[in-house]
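S.K.: With the hints as your guide, set chain B onto chain A.
Here the protein sequences line up with chains A and B, keeping their order. Our numbering puts the last residue of the first sequence at 1346; the count rises by one with no breaks. Our numbering puts the last residue of the second sequence at 1346; the count rises by one with no breaks.
Hints are computed from structural coordinates only; laboratory data are not their basis. For clarity, every value in this text was computed on a predicted model and none was experimentally measured. Each residue gets a CB set at the ideal place from its N, CA and C atoms; glycine is no exception. One or more of the hints may lead you astray.
Quick list of the computed label-pair ranges, beta carbon to beta carbon [said to hold, decoys possible]: (1) A:984 <-> B:1343: 32 to 38 Å; (2) B:1301 <-> A:1261: 43 to 49 Å; (3) B:1020 <-> A:1276: 21 to 27 Å; (4) B:1309 <-> A:984: 26 to 32 Å; (5) A:1261 <-> B:1283: 30 to 36 Å; (6) B:1292 <-> A:1237: 28 to 34 Å.
Protein chains: 2
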Amino acid sequence: MSVTAAKGFSAAGIAAGIKENGNPDLALVVNTGPRRAAAGVVTSNRVKAAPVLWSEQVLKSGQVSAVVLNSGGANACTGPKGFQDTHATAEKAADVLGRAPIEIAVCSTGLIGVLLPMDKLLPGVETAAAQLSEHGGEKAAIAIKTTDTVHKTSVVTTDGWTVGGMAKGAGMLAPGLATMLVVLTTDADVDSATLDKALRAATKVTFDRIDSDGCMSTNDTVLLLASGAGEVTPEYEEFAEAVRAVCDDLGQQLIRDAEGAGKDIKVEVINAATEDDAVEVGRSIARNNLLKCAIHGEDPNWGRVLSAIGTTGAAFEPDQLNVAINGVWVCKNGGVGEDREKVDMRYREVHIVADLAAGAETAVIWTNDLTADYVHENSAYSS
Amino acid sequence: MSVTAAKGFSAAGIAAGIKENGNPDLALVVNTGPRRAAAGVVTSNRVKAAPVLWSEQVLKSGQVSAVVLNSGGANACTGPKGFQDTHATAEKAADVLGRAPIEIAVCSTGLIGVLLPMDKLLPGVETAAAQLSEHGGEKAAIAIKTTDTVHKTSVVTTDGWTVGGMAKGAGMLAPGLATMLVVLTTDADVDSATLDKALRAATKVTFDRIDSDGCMSTNDTVLLLASGAGEVTPEYEEFAEAVRAVCDDLGQQLIRDAEGAGKDIKVEVINAATEDDAVEVGRSIARNNLLKCAIHGEDPNWGRVLSAIGTTGAAFEPDQLNVAINGVWVCKNGGVGEDREKVDMRYREVHIVADLAAGAETAVIWTNDLTADYVHENSAYSS
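Bound-form chain A, shown alone (with noise of 0.2 Å):
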């Protein structure tokens, strides 16, 4: 269903040649009203790929008709010329679709600093709007896969309102944001001023809160469209909570996805004086390559955790630090606590608890082990 379950959407995916390998490669997401409002939040990496500059502004007016994606292209790192490509995409889509180039957004997603194949790419924008549908979402999610091994939909759907929305993102996942692409839809009728704050809500908990690989996107891009088909405009409690839960349930395909991992874990810090020093613990332990190689080989190294909060300024005092990895609390008070032959970590799932017995927030993060085929993936091609 992906971004055609709400009302007042079509889509379509379509194989452009964009690719040497024939895979899908071009999807288009259009609104068909009545309304167009949208939202969308950009990667903070300064270096920032042309789609990226070219739909922040578009979003400044808060009106999207269409978004174009690609995948097998960045378009990152690609001086003015890459730039007059996107706003040829915009003004392609904008010509057969009948609505202006300013209301067009545009994602692209792949190798950084290459040209993409503009003799290709602008037909391919004419062979997807002639495969407009209702029923596209999905062709539209396999279309801007890269190293994904599957396609990425979820739906929430309420009293007369709907929430959908497709993802894309194996690798460079880090928060601010990730090599992600995401479009979202809503049936329901709410202005660009309310999406935009659901949608910053939503995110800053959810694919902020993912990070793979430590590594930040050229490219991210978050997209949240609604065309008020549904005549209904829910209150805005529920209606943000609905984004939220279609950006969690995206965030954890993405989580499952990621290149070459083997483990997904959770790592929740609980007790931090503040939410930020919660999420700053739980960022460092995320990204400790050698805590990742040990949860990799299934070892509760709970001190390569310690080590992971000690380079970070959260309130904390070394001697009252626990560590629970899958209920096993293998730290106590800052030294040996249960035995680690009781930890469990067979499983693909594994959760991560540390307490810095300094407060009452707490703020989870999600991130992989690392693998040799991770390092095999991302060394034996340019991506």
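M.R.: Only chain B this time, still in chain A's reference frame:
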């Protein structure tokens, strides 16, 4: 030669039985005077091992008579009992050597969260004391190895005085400092304040700028001991340069022996607005797992360099960034530069230059590639 290259020092290295495999695991370095001035730098990790906490107290007086070092166990996160064990070690050495316990520094390295076998360590101190020799530096350097494949020593000799040292460290190598122990000795007649100044200046630009895996240890200690046996007080600049040269040499040896590494990567940041900017950018590049995998695959993936630069707060404009890999400017003005096929990456050393085009400051950070061997070494067993 190592720590006994300078006059006024004796050392020993023995197998005390701390390591189950029977390899050497206990070193003793004694300053035989006439002076016993000393300075030290320890990890900035807030979770500090018991020997670090003890040695910090020892260093307050600016006087160190001897150093006891053990491999086979870090004595970190071991609570009050761990601290008592360190204290007992210092008392034992003081007793055997006829010195005050507060002048005995202690260093430990190995697995975190395990108490040391004191029934083996304390008799080991006696055995080592009995084997002290002016030619014992090499044996001491061997006894502090953990996952090191070779022992590391360095000596600079000038007119009438010498600075020599030994180091261990192979994983958990990151600034502030690394999982490394370093003991430097000199027969120059230098007071502890001058030693401290020279040592801090040296570590800031050497050990603090090697970053193999971004992980900061709980045990790192660098000690500089002066015997005054050469009866020469050098000019400060000359002395500081000798200390820096020995630290630089030992740091290079650590990088070349890093766990699982196949490439040594020199990240040189040039034309930065400030030295801090240069260091921040260098560290961000050096810690980027995706780039480190690409280098392992001999792929000059400059897009990953730019995405790492983009996560920093340093002064730069994205469209003015230039990147050279092994002398080929593969990225110019933030976009595609010279043909990446020209980059020869067959050799072990890889040189990345990141030109921020924002000033005149520079910094060099050394790191390694990320390999399946690193993953294996850190997942197959606890360390």
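S.K.: Against which earlier hints does the structure fall short, listed by number upward?
M.R.: 5 and 6
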